[in-house]
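There are 2 protein chains.
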Amino acid sequence: MSKVIFGVDLGGTTVKMGYFDTEGNVKEKWEIPTRKENNGSRILPDIAASIKAKMSEMGMEKDDVIGVGIGVPGPVDAKGVIYKAANLGWDVFSVKEELAVLLGGIPVEAGNDANVAALGEMWRGGGCGYKNLVAVTLGTGVGGGIIVEGKILTGATGAGGEIGHIHIADDEPDACGCGNHGCLEQYASATGVSRLARRRLEADDKPSVLRNGDVSAKAVFDAVKAGDSVAIEVAKEFGRYLGKGLAAVACVVNPEIFVIGGGVSKAGEVLFGYIVDEYKKYVFRGSRDVRFALATLGNDAGIYGAAKLVLDLNIV
Amino acid sequence: MSKVIFGVDLGGTTVKMGYFDTEGNVKEKWEIPTRKENNGSRILPDIAASIKAKMSEMGMEKDDVIGVGIGVPGPVDAKGVIYKAANLGWDVFSVKEELAVLLGGIPVEAGNDANVAALGEMWRGGGCGYKNLVAVTLGTGVGGGIIVEGKILTGATGAGGEIGHIHIADDEPDACGCGNHGCLEQYASATGVSRLARRRLEADDKPSVLRNGDVSAKAVFDAVKAGDSVAIEVAKEFGRYLGKGLAAVACVVNPEIFVIGGGVSKAGEVLFGYIVDEYKKYVFRGSRDVRFALATLGNDAGIYGAAKLVLDLNIV
Numbered sequence: 001m002s003k004v005i006f007g008v009d010l011g012g013t014t015v016k017m018g019y020f021d022t023e024g025n026v027k028e029k030w031e032i033p034t035r036k037e038n039n040g041s042r043i044l045p046d047i048a049a050s051i052k053a054k055m056s057e058m059g060m061e062k063d064d065v066i067g068v069g070i071g072v073p074g075p076v077d078a079k080g081v082i083y084k085a086a087n088l089g090w091d092v093f094s095v096k097e098e099l100a101v102l103l104g105g106i107p108v109e110a111g112n113d114a115n116v117a118a119l120g121e122m123w124r125g126g127g128c129g130y131k132n133l134v135a136v137t138l139g140t141g142v143g144g145g146i147i148v149e150g151k152i153l154t155g156a157t158g159a160g161g162e163i164g165h166i167h168i169a170d171d172e173p174d175a176c177g178c179g180n181h182g183c184l185e186q187y188a189s190a191t192g193v194s195r196l197a198r199r200r201l202e203a204d205d206k207p208s209v210l211r212n213g214d215v216s217a218k219a220v221f222d223a224v225k226a227g228d229s230v231a232i233e234v235a236k237e238f239g240r241y242l243g244k245g246l247a248a249v250a251c252v253v254n255p256e257i258f259v260i261g262g263g264v265s266k267a268g269e270v271l272f273g274y275i276v277d278e279y280k281k282y283v284f285r286g287s288r289d290v291r292f293a294l295a296t297l298g299n300d301a302g303i304y305g306a307a308k309l310v311l312d313l314n315i316v
Numbered sequence: 001m002s003k004v005i006f007g008v009d010l011g012g013t014t015v016k017m018g019y020f021d022t023e024g025n026v027k028e029k030w031e032i033p034t035r036k037e038n039n040g041s042r043i044l045p046d047i048a049a050s051i052k053a054k055m056s057e058m059g060m061e062k063d064d065v066i067g068v069g070i071g072v073p074g075p076v077d078a079k080g081v082i083y084k085a086a087n088l089g090w091d092v093f094s095v096k097e098e099l100a101v102l103l104g105g106i107p108v109e110a111g112n113d114a115n116v117a118a119l120g121e122m123w124r125g126g127g128c129g130y131k132n133l134v135a136v137t138l139g140t141g142v143g144g145g146i147i148v149e150g151k152i153l154t155g156a157t158g159a160g161g162e163i164g165h166i167h168i169a170d171d172e173p174d175a176c177g178c179g180n181h182g183c184l185e186q187y188a189s190a191t192g193v194s195r196l197a198r199r200r201l202e203a204d205d206k207p208s209v210l211r212n213g214d215v216s217a218k219a220v221f222d223a224v225k226a227g228d229s230v231a232i233e234v235a236k237e238f239g240r241y242l243g244k245g246l247a248a249v250a251c252v253v254n255p256e257i258f259v260i261g262g263g264v265s266k267a268g269e270v271l272f273g274y275i276v277d278e279y280k281k282y283v284f285r286g287s288r289d290v291r292f293a294l295a296t297l298g299n300d301a302g303i304y305g306a307a308k309l310v311l312d313l314n315i316v
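Protein sequence lines correspond, in order, to chains E and H.
Going by the numbering used here, the residue at position 312 of the first sequence is 312; the numbering climbs one at a time, nothing skipped.
Going by the numbering used here, the residue at position 194 of the second sequence is 194; the numbering climbs one at a time, nothing skipped.
These are computed hints drawn from the structure, not numbers from a lab.
Treat the hints loosely; a few may be bogus.
It does not matter which identical chain is used: a pair holds within one copy or between any two.
To be verified - With a straight-line Cα cutoff of 27 Å, these simulated DSS-like cross-link-like pairs (lysine-lysine) come out:
{"#": "1", "residue 1": "Lys84", "residue 2": "Lys131"}
{"#": "2", "residue 1": "Lys281", "residue 2": "Lys84"}
{"#": "3", "residue 1": "Lys280", "residue 2": "Lys84"}
{"#": "4", "residue 1": "Lys36", "residue 2": "Lys218"}
{"#": "5", "residue 1": "Lys225", "residue 2": "Lys29"}
{"#": "6", "residue 1": "Lys79", "residue 2": "Lys131"}
{"#": "7", "residue 1": "Lys281", "residue 2": "Lys27"}
{"#": "8", "residue 1": "Lys280", "residue 2": "Lys218"}
{"#": "9", "residue 1": "Lys131", "residue 2": "Lys151"}
{"#": "10", "residue 1": "Lys151", "residue 2": "Lys36"}
{"#": "11", "residue 1": "Lys281", "residue 2": "Lys62"}
Remember, it's a predicted structure, so these values are computed and weren't measured experimentally.
Please put together the full structure from these sequences, using the hints given.
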């Protein structure tokens, strides 16, 4: 039997799982619930049991499995130690070692979920063919995953790629979830786009379909596509903040490509019209010709990247 | 004879050179002029001749030399190719290969000078003991060198660590050397500190020793140490910009330590009082406890880092 790798993407509600061949083709995908009771102590045993059940179902032996990769929602260092994951009830411990023990010694690699998803997009998604990449997830917040020469940039305490918290505006009265004021996330996340829309609508009485009540990021970009001039103003403001933020990122890591994913990215390539010109206005010339692409793996990026995490550390 | 490594720091006026043992102890240092005539075509032959002369003088054979590292003032990619160095007259070519040929096949590694200096500070300077480090050079401009897990972050086109060109202010009327407006370099370099001082002096008639005519960065920080309240206002403004810029850098790469060098850093630890609080105000909590240290190798950082560049790629 040809060898396989398991990829696990641990979320706050469900655990996405899959197994792959060494070329990155997914052979099967499934989900189990994330049981957070008792400080999340059931989570890793549940994952191990599910992997063992799948191995048994498919007639896989331990030697058929190169390893198991897992992305977790919190800071993870280069050794696979997580530094607290509040929404799972987890404290500091080695996810890598604990899951390996539960799996009877199958090798495990662990990483932060956003970083691991970036690796997935590099391997088989919107960043395929590149090895210096920044993945930007515009969802409830703004997440980032930085890949340098094909490897995740983890950072000293697992906080590498926290680009949603780059300070981008000095005049923000509201606090970000992190406690600071004026973080990129406050303007470029789905929530951020809605805030910008509400502020714009309050500024005057200019007609707009957004006055119907739905100011979600989807409604804003739908209105943009329909030519709504208020929505276009909101999109320009979003692009100004995000372009400026990504320019700062590029001055630091000088990537080949930005891969944009998350809910806001469902608006599609229309986004780039608002981001790229602003980016070019603020970035250092050496990073001006970076590419922008949409993420293509959606919610599967995490399991792909988790599998790749294992593959990178094992010569097959 | 124990093996040695040559380190070369190519500047616009002089070439600094030295050779080292494998522990990073410098055995001898010297300089030769940088001859920029004929589009800088004499520079590498001059360097090769100087190395060969030193080898001959010291009775070194080719096998005694592990390699030669060189830092050059321009973007250099991971393969040792320089993408133009305007002030040397250089176009695109492989510094690594060309110098290796001139040296009869001694292995050569090449890097950008700021990045190489960062590696030097990590090896034997202010960042000794750390492997995730950002070196910040506050000189005529603001340079940066980023080390991730002990390796230089080069970037896709050699423009990694160009932190002086992070956009930090929206209201800047003057253009930066790069053509943009509001780059970190316009406020936090030696030149930037002078600009801030001149602007502050023009704002009103408040007495200050800086009104004597010398508004160099040195004069500003000397005045700060003497308790001059106008100079202290200037230092606070400098710290606000630099703290904010370094916070953005930390949100991207999450280093263990910032090592501050360059002319402005000669003011000493007094700088940190102005930088660190502002940094903490703007940075993501995961990067709040980063260390700040002064660079200690001064103008020798480049030759140390150039030697280390060779050592990292050769098992001794």
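Any hints this thing doesn't respect? Which numbers, in order? As far as the earlier hints go, 4, 5, 7, 10, 11 are violated by this structure, in ascending order.
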